[in-house]
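Q: Read off the chains here:
Number of protein chains: 2
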Amino acid sequence: MTELKNDRFLRALLKQPVDVTPVWMMRQAGRYLPEYRATRAKAGSFMDLCTNPELACEVTLQPLERFPLDAAILFSDILTIPDAMGLGLRFEQGEGPKFDNPVRTEADVKRLPVPDPEQELKYVMDAVRTIRRELDGRVPLIGFSGSPWTLATYMVEGSGTKEYAHVKGMMYDRPDLMHKLLDTTAKSVTSYLNAQVAAGAQTLMIFDTWGGVLTPRDYKEFSLHYMQQILDGLTRENEGRKVPVILFTKGGGPWLEDMAATGCDGLGVDWTLDIGDARKRVGDKVALQGNMDPSVLYSSPERIREEVATILKSYGPGSGHVFNLGHGIHQFVDPERAGAFINAVHELSPQYHK
Amino acid sequence: MTELKNDRFLRALLKQPVDVTPVWMMRQAGRYLPEYRATRAKAGSFMDLCTNPELACEVTLQPLERFPLDAAILFSDILTIPDAMGLGLRFEQGEGPKFDNPVRTEADVKRLPVPDPEQELKYVMDAVRTIRRELDGRVPLIGFSGSPWTLATYMVEGSGTKEYAHVKGMMYDRPDLMHKLLDTTAKSVTSYLNAQVAAGAQTLMIFDTWGGVLTPRDYKEFSLHYMQQILDGLTRENEGRKVPVILFTKGGGPWLEDMAATGCDGLGVDWTLDIGDARKRVGDKVALQGNMDPSVLYSSPERIREEVATILKSYGPGSGHVFNLGHGIHQFVDPERAGAFINAVHELSPQYHK
Chain V
335 MTELKNDRFL RALLKQPVDV TPVWMMRQAG RYLPEYRATR AKAGSFMDLC TNPELACEVT
395 LQPLERFPLD AAILFSDILT IPDAMGLGLR FEQGEGPKFD NPVRTEADVK RLPVPDPEQE
455 LKYVMDAVRT IRRELDGRVP LIGFSGSPWT LATYMVEGSG TKEYAHVKGM MYDRPDLMHK
515 LLDTTAKSVT SYLNAQVAAG AQTLMIFDTW GGVLTPRDYK EFSLHYMQQI LDGLTRENEG
575 RKVPVILFTK GGGPWLEDMA ATGCDGLGVD WTLDIGDARK RVGDKVALQG NMDPSVLYSS
635 PERIREEVAT ILKSYGPGSG HVFNLGHGIH QFVDPERAGA FINAVHELSP QYHK
Chain A
335 MTELKNDRFL RALLKQPVDV TPVWMMRQAG RYLPEYRATR AKAGSFMDLC TNPELACEVT
395 LQPLERFPLD AAILFSDILT IPDAMGLGLR FEQGEGPKFD NPVRTEADVK RLPVPDPEQE
455 LKYVMDAVRT IRRELDGRVP LIGFSGSPWT LATYMVEGSG TKEYAHVKGM MYDRPDLMHK
515 LLDTTAKSVT SYLNAQVAAG AQTLMIFDTW GGVLTPRDYK EFSLHYMQQI LDGLTRENEG
575 RKVPVILFTK GGGPWLEDMA ATGCDGLGVD WTLDIGDARK RVGDKVALQG NMDPSVLYSS
635 PERIREEVAT ILKSYGPGSG HVFNLGHGIH QFVDPERAGA FINAVHELSP QYHK
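So the sequences go chain by chain: V and A.
Heads up: the first sequence begins at 335 in our numbering, then just goes up one per residue.
Heads up: the second sequence begins at 335 in our numbering, then just goes up one per residue.
Since the hints were derived computationally from the structure, they do not count as laboratory data.
Please note that the accuracy of each hint is not assured.
One copy or two, either will do: identical chains are not told apart, so a pair holds if it fits within one copy or between any two.
What the hints assert, rightly or not - Listed next, the in silico DSS-like pairs over lysine-lysine satisfying Cα-Cα at most 30 Å (straight line):
#, residue 1, residue 2
1, Lys514, Lys349
2, Lys521, Lys496
3, Lys376, Lys496
4, Lys432, Lys614
5, Lys521, Lys432
6, Lys349, Lys614
7, Lys496, Lys584
8, Lys554, Lys614
9, Lys339, Lys496
10, Lys496, Lys647
11, Lys554, Lys432
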């Protein structure tokens with residue numbers, strides 16, 4: 335394997351010294367980029383793009399051509415696993431994801447297989463291998479998955495939801511069934527992420543997009559517990575380097591200490607926390623990734639720079655901070671504002687790493 | 335005025351002894367009730383229902399006929415104020431609220447009037463007077479308003495939003511303009527709420543539905559500051575009784591201490607906090623209102639009872655707790671489950687008030 339030319343992202347996650355604070359953006363390969371929209375149009379549907387390793391590689395690399403980002407992230411979707419389980423994923427125009435076969439009954443839950451990542455999900459592993467080859471050591475590649483709870487919300491609802499009627503109905507009324515569903519999903523995520531590492535992913539991130547809609551008790555029992563189960567089964571070293579793991583629960587601010595205790599390397603933090611306060615709470619246990627409000631990118635380059643400065647100052651001196659947005663970059667952001675953001679992080683952060 | 339027959343809601347908000355924990359439900363007059371849907375059909379549009387004091391009174395009282403609730407809440411909408419400012423409110427079928435004239439420019443902001451509640455909003459005051467008369471002292475009547483920040487999100491976006499592009503764009507780029515908008519809105523809310531008290535409202539609640547999408551810094555500057563301004567201008571006593579004020583920021587868990595320091599009487603708490611932890615954090619400063627996940631109402635009466643017991647135990651002995659859901663009751667909940675919830679609170683809580 336080629337030597338990494340820029341490893342500051344990996345070093346920051348392991349709290350090793352860096353020259354500047356590394357930065358990347360959630361959903362950096364996405365609709366705000368005209369070149370992404372062109373590739374997407376060429377591919378056909380969104381799933382056609384995800385399942386085509388060459389095109390998935392193309393869009394993964396697009397933001398790196400524009401901006402001096404410190405990490406690449408596999409272009410894929412969190413719903414590949416439920417799709418591989420046979421739930422029949424569709425993306426309808428302007429409607430978000432839908433499953434033809436949502437999981438509602440005991441029989442539905444018991445029928446769920448643990449997919450073989452090199453069979454049903456080979457297209458993802460091929461994408462990882464292709465991207466890793468094309469990156470040629472420029473920056474590390476992040477592999478990822480949804481958390482079991484987050485995947486379960488889509489699997490049980492059959493689509494996105496505002497009210498969580500079915501999935502919370504199952505959780506409250508049939509916790510045994512929900513646990514079985516989450517256990518199968520956790521096993522699937524573990525083997526999926528390990529296969530991504532074997533294929534070349536150098537960091538793993540688990541997106542718990544909907545953990546924040548739970549009570550503290552239910553978060554621990556139905557979301558965090560299964561992220562712990564995954565962490566305990568992950569390959570944490572490959573090619574002679576550590577493979578850091580980042581957990582990100584959107585709205586997970588109240589539970590940072592519990593998340594830090596799982597043995598993960600980094601925590602994603604959304605913008606509802608002050609990152610300096612978050613650092614005080616987790617101490618030396620984990621690195622932090624975040625946490626600029628993506629909406630700041632609607633404002634002027636000067637204002638963006640000011641917000642970057644505030645966050646860098648709040649985190650303070652020393653390694654352990656990966657700069658990022660607190661959630662994915664929005665579709666209607668001007669790419670030039672994203673560029674102003676990335677540059678501000680690199681220009682303003684050296685003073686914190688002397 | 336008639337003597338109040340059941341004042342345990344007011345007493346709990348003031349931390350005075352009660353026999354059982356009082357309970358009501360946000361959006362208790364709403365679409366989950368078939369009798370509400372019938373009145374709504376009779377009225378015409380949603381705004382036709384809001385602007386008709388007799389029908390607004392009818393739907394306000396409907397849940398009290400079904401359930402032994404300890405408070406009534408004025409049936410209205412938080413967007414009556416921006417509508418009275420001339421923004422042109424419409425509710426389109428299945429689409430949520432829309433404003434014909436969103437506030438986007440400096441001229442738009444400067445043009446905004448402070449409505450006279452007994453002129454442009456007389457229909458709301460008439461509804462309060464009618465409801466108060468018809469309640470005849472059964473339980474106290476809650477008046478309410480949206481918070482300035484929450485109203486501003488709709489006023490600037492012109493509709494509901496997931497990304498807050500326009501309102502946060504204005505906040506980040508033109509904080510002077512945003513402050514002017516929030517100041518005018520805060521003045522309007524203050525006179526609107528004081529008029530509701532004069533018309534008969536016995537408690538006031540400020541709904542800050544979107545304060546939780548801000549950073550801690552911005553929450554204090556753009557949301558909490560204006561709720562404080564309102565609190566400082568409110569009539570806090572009427573008819574020889576205190577008029578308690580409740581603040582509710584959805585997702586406001588991180589800022590409970592700051593909210594409690596405003597001098598309000600109660601804080602609404604959503605289900606992402608343990609209510610016992612919340613009580614430890616605010617001490618004797620304020621009462622707490624909440625905090626069952628509304629989705630628990632999709633489960634069995636036994637499970638609902640179990641969750642009520644957990645929350646009562648977590649709050650612990652003594653007054654200062656108004657039981658409620660952590661957000662509005664969902665449209666598709668079976669009214670019988672709501673009844674099971676209300677009864678469970680009354681049946682299980684006396685042991686905490688000996």
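Q: Indicate, hint by hint, whether the structure satisfies it.
A: Structure-based check of all given hints:
For a Cα distance limit of 30 Å, the shortest separation of Lys514 from Lys349 qualifies neither inside one copy, at 36 Å, nor across copies, at 44 Å. In this assembly of identical chains, the alpha carbons of Lys521 and Lys496 lie at most 30 Å apart only when taken from the same copy (27 Å versus 33 Å across copies). For the homomeric pair Lys376 and Lys496, the shortest alpha-carbon distance between copies (28 Å) is at most 30 Å, but the shortest distance inside one copy (32 Å) is not. Neither within a single protomer nor between protomers do Lys432 and Lys614 lie at most 30 Å apart by alpha-carbon distance, with minima of 41 Å and 43 Å respectively.
In this homomeric assembly, Lys521 and Lys432 come within 30 Å of each other (Cα to Cα) only inside a single copy, at 23 Å, whereas the closest approach across copies is 45 Å. Taking the shortest alpha-carbon separations for Lys349 and Lys614, only the intra-copy value of 15 Å comes in at or below 30 Å, while the best inter-copy value is 34 Å. Proximity of Lys496 and Lys584 under a CA criterion of 30 Å is satisfied in both settings, with 15 Å inside one chain copy and 15 Å between copies. For the identical chains of this complex, Lys554 and Lys614 are neighbours both inside a copy (22 Å) and across copies (21 Å), given an alpha-carbon limit of 30 Å.
In this assembly of identical chains, Lys339 and Lys496 lie within 30 Å of each other by CA distance neither inside one copy nor across copies; the values are 43 Å within and 38 Å between. Taking the shortest Cα distances, Lys496 and Lys647 sit within 30 Å of each other only across copies (29 Å), while inside one copy they are farther apart (36 Å). In the homo-oligomer, the alpha carbons of Lys554 and Lys432 lie at most 30 Å apart inside one protomer (27 Å), although the nearest pairing across protomers, at 39 Å, exceeds that limit.
In terms of the numbered hints stated before, the structure departs from hints 1, 4, 9, listed from lowest to highest.
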